[in-house]
Structures are given as structure tokens and as C-alpha cells.
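Undergrad: Here's the letter readout for the chains.
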Amino acid sequence: MHNAEESIREAAKKLLSEKKVDLIVGHEQGTLPLRTTPCFIDKVEDVPKLVWNENCDANLSKYLIGRKERMGVVAKGCDARSIAVCTFEKQIVRDNVVIIGAPCSGLIDKKKVRTKLEGKELLEATIEDEQIQLKGEGFELVLPKKDFVCSSCLTCRHKTPPIYDVFAGTKVPEVEADEFSDVADLEAKSSKERWTHFKEALDKCIRCYACRDVCPLCYCKTCFVDQTMPIWFGKTTDLSDTMIYHLVRAFHVAGRCVDCGACSRACPMNINLRELMKKTEKIMKERYNYTAGLSLEKVPPLGEFKMDDSQEFIK
Amino acid sequence: MESAGEGWTPKILAFLCNWCSYAGADLAGISRMQYPPNIRVVRVPCSGRVNPYFVIKALQHGWDGVLVSGCHPGDCHYISGNLVARRRFAVLKDLLEYFGIEPGRLNFSWVSAAEGEKFAIVVKDVVEKVKSLGPAERLVKR
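Protein sequences appear in the order of chains P and B.
Its first residue numbered 54, the first sequence is counted upward by one per residue in our numbering.
Its first residue numbered 2, the second sequence is counted upward by one per residue in our numbering.
One thing to keep in mind: the hints can contain errors.
Listed below are the simulated DSSO-like cross-link pairs for lysine-lysine, each with C-alpha atoms no more than 27 Å apart in a straight line [stated by the list, open to error]:
(1) Lys-257(P) with Lys-58(B)
(2) Lys-245(P) with Lys-58(B)
(3) Lys-242(P) with Lys-132(B)
(4) Lys-119(B) with Lys-245(P)
(5) Lys-224(P) with Lys-338(P)
Hints are computed from structural coordinates only; laboratory data are not their basis.
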């Protein structure tokens, strides 16, 4: 990934100095180990701040929505795919955006690391040769990276962005992965077991809406949960209201979700929201043979129809 | 809605499109066809008018089942409202059933204005199915 980092900086420098963009949106080192934070660079001399590693987990497409500037954006596979979806939905002006495609080797799931640390404070972390070295007061750990990769990255097929203007680094070949195995496991259970499963999972939800706020596709000016005229929606943490919130949100991103995993990463209560989102993806794949974010022209399934759509469920 | 107990019969909310299914229900009525009295009808301009949220909200309010019925594909008064609705409901039904709502609570049908008999059969089927499932409990706000 480090040669990609150099290439990203070069590309950013070139774009800024040739005045092709006003701003570069990328990642910079965070203040804590294993953390990066989104950064906005408008001067060539700030370009060395840009980093590219397994901790660059923010989906930067969120920052492009509704902006007027010409922006360069560092995008991994999932970022580029959400940019494609938002562009199709006219939230991002394609001509204003230069996508610096970057190869991704899978993000580190901080929650998995945190669980492993059992409350000990992490002071230093390095990732090298597929291993994570963690250091803190009185402990030192060397962990295999593959056990601490985000679940969305484990089955990701598009680690190389499908859409980009400049590519930095070397491309990662597309891998065949059984991306719906988790969903299939749940589907194999009985209706009652699934209900209990989701009830227990969503009971933890505190309705902070972090999942919505971080989602690049949740760009509505007034979200259905915030609307008060009329009130669509119960705002309590009553389980029924909470479950309906997650259901309706899943429905809203159906056919648009690119499984970047941002919602799961943002959840402070550790709810695996991907279980629901992934199902919407599976429905779209099976019923309409559609994968979101791979093209700028293809209309998503819920935006069109065909005379011979499947209707086995209709009497 | 009153809670389940002795002598419980399901209550089913039916969204019927103005141009076909509502007229079909009307035909069933004027032809004196017998069907269970468990449905309450909401007349909508088109099955495409039925927001998936209506269906979810009905379940939250304790309706034991929901029926959405519209014109046959190709017969929509608004040309394609039912075709748009068909995709929407396919996703909704798959998603709700994955979520743990019993299959059978959500029902969809195409009933034309001439199909009074079909309407009676559809309602009978839906009521039987929901009866065998028992009163709705999942997703109901207490």
C-alpha cells in the first residue's frame, strides 16, 4: 500500500499545481494509533499530509455531495462505487470530481482490535507484512492482519475502484468471494429464529443515527425520521420503532448500497447492520441481476421496471 | 387494536386500487359473493400509491395481515404504476420476511374489475392464511 501512498501524493500534487482541482479530499494520520481522519488539502505544500493505509476507513464520497468546488478525491473501491451511485442520483457533479483510485487491501476493524485488547490502552501500532504490531503499557502483541479485517472487506470483490480518473499504485485483481454467505446462514434459519436474532441485535440500538449520518447515500435534506409535518415515524427507543427505523433505512438504500461497511463501523453499540444491508444487495442481485455502483449509466432496479419482472409472490 | 383472545378473528388491511381491485370488490359485493368480513378496505388511486411504509405501519399498528391489490400488469390506469409497485413490493416482501415477519402476513394480488370471484377467493385465502398464523405480535408497538 505504501507505493500507492506515494502515487496518491504525486497525483494530488499534480492536480493541485495544474489547478485542475481546488481541493483534495483524502486521509491524514489521526491522533490515535490505527486511526486516520479525513483531510482537505488546498495547498501543494500540505500534500505530504496525505496517507494511505489499512486504516483509511472513512467513505470520502460523503464529502463530495452538494459541493460546488472542483475536488480531487482519494477513493478505494467502495468509495468510488458510492461516488458512482451519488453521481447517477445527481448529488455529485461528475465533471467537478477527479477520482484518484487507490488499491485497497482490506481495512482494519478497530472493533475487533479493541475486543482483542480487552480494555488495555493502545499506544502504538504498525502494520507490516500482513501483521499488526500493537504496543501499549506493559504489553506487546503481534497479530495476523487477516483476522482483523472488516467483514465487508473480507468478501469485497471490487478492491480496485471500478471507476476512476487517475489510478495510484498497483491494481488488485478482482476476487471471487461468496459475499452472501452470512445472509444465506440467516436465511436458513426459521422465521422465528430470524425475528429473535434481529430483535436481540437491534435492541442494543440507541437511535443515535450514526449509521444514517455516515452513510453516503443518506443525503436527504430532511430524513424521514426527522420529519415532523407529518410525523412519519416513532422517535422512541421502543423496540418496534427502532426495528422499523432500520427496516425502512435498509429499504431506502436497497439497490444503492455498495456495502462499504461504514454504518457497521460507525455503530457505537456494535450492531452488525450489514446483515440487513447485504440482504437488500442479495435481493437486487437475484431478482434484477444488479450490483450497485459499477456504472454511471445503469438505472438501479427500483428506478425502472420490466414487463416480465418476477411476480411469484403475487396471486 | 384489541388484543387476541377467545373468538379472535384476524383483521386485515386491504389497499385496493380504485380502477381494478376496488371495482372487483364491488362486483363481488353486488354479485352477492360470500367472503369473510375480516378485511377493511383503503381505496387508493393505484397500487403504485401504496408506500411500503403504509404496509410496515399497518403491521406496527397491530393489523394481523395486509393485502395490496392492483390491476394486472399492462392494465394500469396510469400505464405503469403497478409495474413500479411490483418491484417495490418484491423487495419489501423479501426484506420483511428476512427480518422475521411471517410469510403470509403480507399479501399481494392482481384483481381486475371483472374478477369479483377472484377477489372473493383471494380474501378467503388471505384470511385463512392469517388465521393459521394467529394474531400479529412481531413489530407491533405495544
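Undergrad: Now tell me, hint by hint, if it's right for this structure.
TA: Against the structure, the hints:
no. : hint                       : in the structure
1   : Lys-257(P) with Lys-58(B)  : holds (22 Å)
2   : Lys-245(P) with Lys-58(B)  : holds (20 Å)
3   : Lys-242(P) with Lys-132(B) : holds (23 Å)
4   : Lys-119(B) with Lys-245(P) : violated (31 Å)
5   : Lys-224(P) with Lys-338(P) : holds (25 Å)
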